[in-house]
Amino acid sequence: MTDSALHATAEPERTPRIRFWHGLSFWGLLPSWVLMGLALILPIAIIAAVSVATRGAHGGFTWDFNLAGYRHILFNEGWTGELEFTPQYLLIILRTFVLAGATTLICLLFAVPVAYFICRQPPGRKAALVYLVTLPFWVSMILRVYAWMIILGKEGTLPRFLEYFGAPAGLSFMFNDGATLTAMVYTYMPLMVLPVFASLEKLDGTLIEASHDLYGDRWVTLRRVILPLTAPGIIAGAILVFVPSLGAVLEPTLMGGGKQMMMGSLVQLQFGGGRNWPFGAAIAMTLMALVMIFLIFTGLRTARRGTAL
Amino acid sequence: MSTRHDVKRYPGLGPLTVLFFAYLYAPLAVVVIYSFNANRIAGVWTHFSLQWYASALNNAALMNALKTSLTVAAAATTVSSMVALAAALAIVRGKNLRFRKLSETIVNLPLLLPEIVLAVATLILFSLVGMQNGMLKLIIAHSAFCTPFAFLPIRARLQGMSLDLEEASADLYADRWTTFRRVTLPLIFPGVFSGAMLAFLISMDDFITSNMLSTGGTTTLPVYIFSLIRSGTSPELNAIATLLILASLVLATAALLAAARGARDNA
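Protein chains in written order, with the working numbering: chain A, 1 to 309; chain B, 310 to 576.
Hint data in this document are derived by calculation from the structure and do not stem from the laboratory.
As the structure is a prediction and not an experimental result, all values here were calculated from the model.
Beta carbons: idealized from backbone N, C-alpha and C, even for Gly.
Watch out, some of these pointers could steer you wrong.
Stated by the list, open to error - Just a few of them, taken from the derived set where beta-carbon distance is under 8 angstroms, the chain A residues facing chain B:
#1 G101
#2 T134
#3 L135
#4 F271
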């Protein structure tokens, strides 16, 4: 998975010739193991346990084994204990997938042509354009989402602009899936452009020329030469956009309003005080499992591709 | 060769790229422009005014949030940079390291997990332990998820560096500490610096974890901004946003310049 991608770029192993760094391995790694153990692995183990705990009467939970948290994703328990299928949360999971997938596709659709254009600029301008792509990413996420709220919201820039051309007054484009999607595409776009750009830059230009010499037109060359050869960058970009999109919280909370939830905002809601912690933990575990399955799946595909080449 | 026959050229990409950059910057520009608007309703322009900047700078809650954010970010940056530096040295330079791959995955794990999962998990842990100190909670959680951002640039720098200078230093009877201080650290400093900058920005920017963990006394800046947005658009918000956009752009530029210099030195 991504781990293998991280190692692919590492230098071949080289053992230092001197005993200089002896003893460093243990003491060097100790702080990171302690920090990650306490602030990452332990909490994840606990949330896994809470997802199968019993909901407390007044919020919180008790340590009694219970699968109600997971069952609640699909079924609602009536007063007499009968289970009734409720698609409510399944729809939220589905929306999460559709919005994350759509975000990834739209980002890809813009990233490839823009990255290709940037690649073909002279070095100085190229560096400047890459810098300009990166820059908005460092502006606080909440502010980037907020900017779209003033553009799309009531009395916002876009409704005002349309009113000028005769649209009815009081328009608002907020609080729907489209608004959430708009903000997600905007916040994650640089994460797609940069890896695609890195991949395109390594592309050997003579291959494009060869394709044309063999009577491939631009469209065929794009489909059969450029895109397959930039697949690693496209996959990396898709991972970088899709994974945080699945866990998006701010975009659905602010742009989607209270009703158009995604898994991330649903989890947040369950921990908002006095809610259903085991259910929230179960949703969180489901979200984590989905992300892991996606990462392993893309990792295996990349590995297979690597050996096939 | 005329451009018409340049086979690598795809028509229409230039205008598309121009539109793309307009799309990237227009929303930020809108915030900046509205911040100078005298009208209470952000979308309705009346005339130029700096009054919202004045009231933002006099807003005690905002200044407290800023102070909390800066304190947490400074502490988290220090902790995560030191942890990352030690881990990077051990992973890249360590001899016969058995758990190299596992350790590297562990350090990078916060990048792979959805942040909201980690945030609620940490919330449950702290409530079980009964930890009361809001600031400490934030610093621990931030240190964990900032570590990979500090780690990756240091590792990249270390991997691009030859061992010769450190070996020469050892040959000249410098002890480990002296070698580290006088040879290794100056050489990897650009990596450490850009890693620390990234960690600082990531910590300052964080909403999801801070929102879960912050209590009355320890509201961070993004959490405060969220509450402002939620309570209906306050006209001060655009001025605050503009100041923050400006600050992030300056910091990010410094970090990117440092990274670029590091890459050039390595080449």
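Inset, instruction - Compare the structure with the hints numbered earlier in the document and write down the numbers of the violated ones, lowest to highest. - result: 1
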